[in-house]
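Enquirer: Spelled out, the chains give:
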Amino acid sequence: MDPVTFSIIRHRLFRVVEEAVITLKHVSGSAITNEGHDLMVSLYQADGSLLMGGVGFLHHLTSAAEACKAIVRKFEGRINEGDLFLLNDPYTAALHTSDIYLVSPIHHDGKLVAWSACFVHVSDIGAMNPGGFAPDAQDIFTEGFSSPGIKLVERGELRQDVWDTILNMVRGPEMVALDLRSMIACNNVARVRMLALIDKYGMQTFDQACKALIDQSETRLRERLGELPDGRWQSRQYLEVKGEIYKVLLTMTKSGDTLTFDFTGSSPQSKYSVNCSKWASLGGLFAPLFPLLCYDIVWNEGVIKPITMIAPEGTIVNCTRPAPVSVATVGAIQSVNNAACSTIGKMLAASEKYAEEATAVWHANHFAIFMFGNNQRGRLAIGILTETFAGAGGARRFADGVDIGGEIPNPISRMANVETIEAQFPIRYLFRRRLTDSGGPGKYRGGTGGEMAIVAHDAPDGGIHYVVSGKGTRFPQSEGLCGGYPGGVNDYVWVHAPPKEMHNVDRFAQNLETIPGDPEPISWGVFPLMGDDALYVRWNGGGGIGDPLDRAADKVAADLEAGLISDQAARGTYGVIRQGDVLDRPATQAQRAAMRQARLATGAAK
Amino acid sequence: MSRRLSETLIADAGHICCATCSHRLAPANGGWKRSAALSTVAVAALPGAGTNVHPEVVLRRFCCPKCGHLLDTETALPGDPFLEDIVRA
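Residue numbers (the numbering used here), protein chains in the order written: chain B, 1 to 606; chain X, 1001 to 1089.
If we strip away everything but chain B, and leave its shape as in the complex, we get (with noise of 0.2 Å):
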């Protein structure tokens, strides 16, 4: 077809999902949609796969498809025009119960010829603790209510009845309600301007242009994979809930123009909420592909073509109603990202042409603390604290990762302002800063992390509660890359202030050591932030490149005069030798030369 008309409407469809987007985030009221960007709009075609893939969690874009197929077989000959469809069920297409999707058709002249979904996570959905992530869930049933399918407008008119009982099912209705309606608001958005697209250039054109962008996407991505090495590489996560260790193995196979993705190895599903269904995998494995390998080629059902995903049912990767999922999205699908990350970039810098885009494992383990309770002004709040989505940047061939700068999953991601939280909630921030020692050492570093304490300020209950789903804390999941260490744990600590007539209470404590109090590491269930106790949470950092005695001592020196790594990491893992503050540099020499040789005298590996 004419190439100027085809890009104009490849042009216009991205500005339609981009418009939804900021329509999205401006009717939401909720932090983790509008400050986290924890949301997701796409387009697809009228059979469901996938058209345009949009911003925000990228494990969402197959999802979300697998959601417009459902709603094709489900309501077959009941899909009308202005109709609008919710499913958040697992075991069908979302990925946990808490992040709703909503789907409307898009009809032109009376006929169904497109799909526009979207996606927030809901405030509350009803399961057994508040906010979605349900660590004390024993099954579906106990995660909020999930429906496989159901519409919720019907011809334009809201279904008063099927609103109403959504409503019934979940804690703080009028923040879910916000949720609901800023999604029915984007998806109006997107339907509108898809109209007027195919109004302006008719629909034989628009259909032949969409038709296009499918196979241009499906022809470039099989070219770049052709110019990539054949070969299989293999990665290896773990996750451990209250002493039990789950690990997801992953080999990725590169044959030709096709890639495969094989889960064989991973654990049995487990029975605490971390597993996921096999549509989160392969959102999962797709969430670092589309930015890493196809960062240049349009997200679409041709995109998804090359690739083949085997995930073993039973699995972590691939577990069976009724297993418990609510924790996926920052437990076994994280991993997947991780582990699809970590090959990905192993791949690429096995190739001459493409090893500059290669990368450690940025953030990989979200912290996911959802904070509830009655706030300063009396009302109900529940919500999440948004630094779970600042990240760390995984080192590159050619720089450090960026410090607390987000995440491969997610493009958009970013934290709210400190000010915004302490708003929302009866909480003082004490500190929150990068964190020393959190980026995976490399010749190239992996991004730092960050830490915060928070304590309860101004709380009518004496403080509030919240939950913590925290893996992560026993294993690093950020892997490094080509002799590059991993980046930090995660860290949540209560420290249980001492009793009121013993202490002498440092009220703006500026590290973890200062804060007064007994600390316990914690990190599974519902917690109290009461009284004067405090919660200290660190987040990973990514990972690192190369071997850490390559780096560049004067990065070596400034990363320690920034606060960025400690003496020991300076000394014990970069081999840089300081004399006051000044870099010496025959020392330096010295250390890494002997440092170099000790590692010969370890013997060959068994």
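One thing to keep in mind: the hints can contain errors.
[Unchecked claim] Pairs of lysine to aspartate or glutamate residues, derived as EDC-like cross-links and limited to a Cα-Cα distance of at most 20 Å, are as follows: (1) B:K500 / B:D458; (2) X:K1066 / X:D1012; (3) B:K247 / X:E1056; (4) B:K353 / X:D1012; (5) X:K1066 / B:D550; (6) B:K247 / X:D1080; (7) B:K247 / X:D1012.
[What the hints assert, rightly or not] If you want the footprint, here are the derived chain B segments under chain X, 3+ residues with CB under 8 Å: (8) 220 to 232; (9) 238 to 245; (10) 325 to 334; (11) 360 to 372; (12) 427 to 439.
Since the hints were made in silico from the structure, they are not lab data.
The C-beta atom is built at its ideal place from N, Cα and C for all residues, glycine as well.
Following the hints, complete the assembly by docking chain X onto the known chain B.
Expert: Just chain X now, kept in the frame of chain B:
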């Protein structure tokens, strides 16, 4: 003519070699890690380890047995096999 396998490894004359010193580690298309010098360190002993790191998880460091250059790393629990990365010719 050598061929790139990773940032730290090349294939040359039918062998996997250290990219820094060209030391031959293993025949091409095979596993090279058993020919490397391996040192392990407990993750809990690394700078910046958290308060709750699993006591048995280690960082395996695979080094060139000739020049001491660090070729690859992986985290592992005791008994877990080496991760295997194979680049085909």
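Enquirer: Now, for every hint given, state plainly whether the structure supports it.
Expert: Results for each hint:
no., hint, verdict
1, B:K500 / B:D458, "holds, 18 Å"
2, X:K1066 / X:D1012, "holds, 16 Å"
3, B:K247 / X:E1056, "holds, 15 Å"
4, B:K353 / X:D1012, "holds, 18 Å"
5, X:K1066 / B:D550, "holds, 16 Å"
6, B:K247 / X:D1080, "holds, 11 Å"
7, B:K247 / X:D1012, "violated, 35 Å"
8, 220 to 232, "holds (count 4)"
9, 238 to 245, "holds (count 3)"
10, 325 to 334, "violated (count 0)"
11, 360 to 372, "violated (count 0)"
12, 427 to 439, "holds (count 4)"
In summary, the numbered hints that this structure violates are 7, 10, 11.
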